[in-house]
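*Asks:* Residue strings, one per chain:
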Amino acid sequence: MTGLRSEEFSERRLEVAGWPINVVTYRVGERYYCTVDNVSPGARVARGEGASKEEAEEVALEKATRYLSQTRRVVTEEPVE
Amino acid sequence: MAGSSGEDVLVTTEWVAKHGGDADVRVVEVDVDTAAYGQGHVPGAVGWNWTTELCDTVVRDIAPKEKLEALLGRAGIAPDTTIVLYGDNNNWFAAWAFWQLKIYGHADVRIMDGGRKKWLAEGRELETGTPSPTVTTYEAKAPDMALRAFLPEVQKALVDARTVLVDVRSPQEFTGEILAPPGLPETCQRGGHIPGAKSIPWARACNEDGTFRSREELTALYGGAGVTPDRDVIAYCRIGERSSHTWFVLKYLLGFERVRNYDGSWTEWGNLVGAPVEKP
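Chains A and X are the protein sequences, given in the same order. Counting from 1, one number per residue, gives the positions in the first sequence under the working numbering. Counting from 1001, one number per residue, gives the positions in the second sequence under the working numbering.
Just chain A, same shape as in the assembly:
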């Protein structure tokens, strides 16, 4: 199909599970798409789609929250004196 365009493109920063995220949402035709990246380093963490912006973002943010919650910060052992 040709003649489509992305519309309602938006981008914003949020924090989820203690990590900054970048949320990009747009519409192509009748579908809304949302992608979430982790800002640093900018890797895509989750995506979602739906019939509305809210639905697409809800799906993506739910997945992003789940995945980011599993990220552990490594504590290096202090040397035993």
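Hints were generated in silico from the structure; no laboratory data involved. We put the beta carbon where it would ideally sit given N, CA and C, even for glycine.
Restricting the straight-line Cα-Cα distance to at most 27 Å, the calculated cross-link-like pairs of lysine-lysine (DSSO-like) are:
1) X:1118 - A:53
2) X:1065 - X:1102
3) X:1065 - X:1141
4) X:1156 - X:1102
5) A:63 - X:1118
6) X:1102 - X:1141
Per label pair, the in silico range of CB-to-CB distance:
7) A:2 - X:1228: 44 to 50 Å
8) A:2 - X:1276: 51 to 57 Å
9) A:17 - X:1022: 43 to 49 Å
Once you have looked at the hints, place chain X on chain A.
*Replies:* Quick look at chain X alone, frame taken from chain A:
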């Protein structure tokens, strides 16, 4: 090629909108998110899947020569075709494809500055479905491994003052605070970085809209960390795609002659028994 953005390896979204359908041009989308292409892509663009088409799916390696030749042939690409690559995440895997195409000697490869995000943000035309180019028989050149660093070369670099290692991961990966980018699976046994490596996250080379920073800004960014054209440079990240982005910047936007991408990267070094690791 008239109409490029000034650097002969970068083209603007505007240029692609005008020339993407030219007979001697093939536009190719390569995304981190392999489902993104199906949502809509630059009209006429073919999509490549980095997880299956730009690698050896049995041995951990880049695409074998015959596999890349078949991929290019299916895309209707001939040795004199201008290939324009673009993708999501500010062209991470577009740069990965660029690196492999240069290893196999394709002459004219370019990147659409700003990638998929800029195309979408500008509300440009999209197309769904998959084009069916006329298949060609493509013969690639012998691989140029001077563009690629393997483990023994990185080990030698540890004691070679002429070589500088550039770690392009996030600061938290560099220090070992995290073992993978937040939200992604851990793929190494140890965190930290290769001793002596300079931390210059890949994204510092980009503006907010995904386009590359100016030559002056890039020179200051890398030069300020001692990464200069007179040095041998090896870039690495976790699996080699972010570092191919930095490799592209150093070699093609700044003109460094001796820069290699260590695609073994931290998934190799951070799992090696006995490999030296520096923290933070």
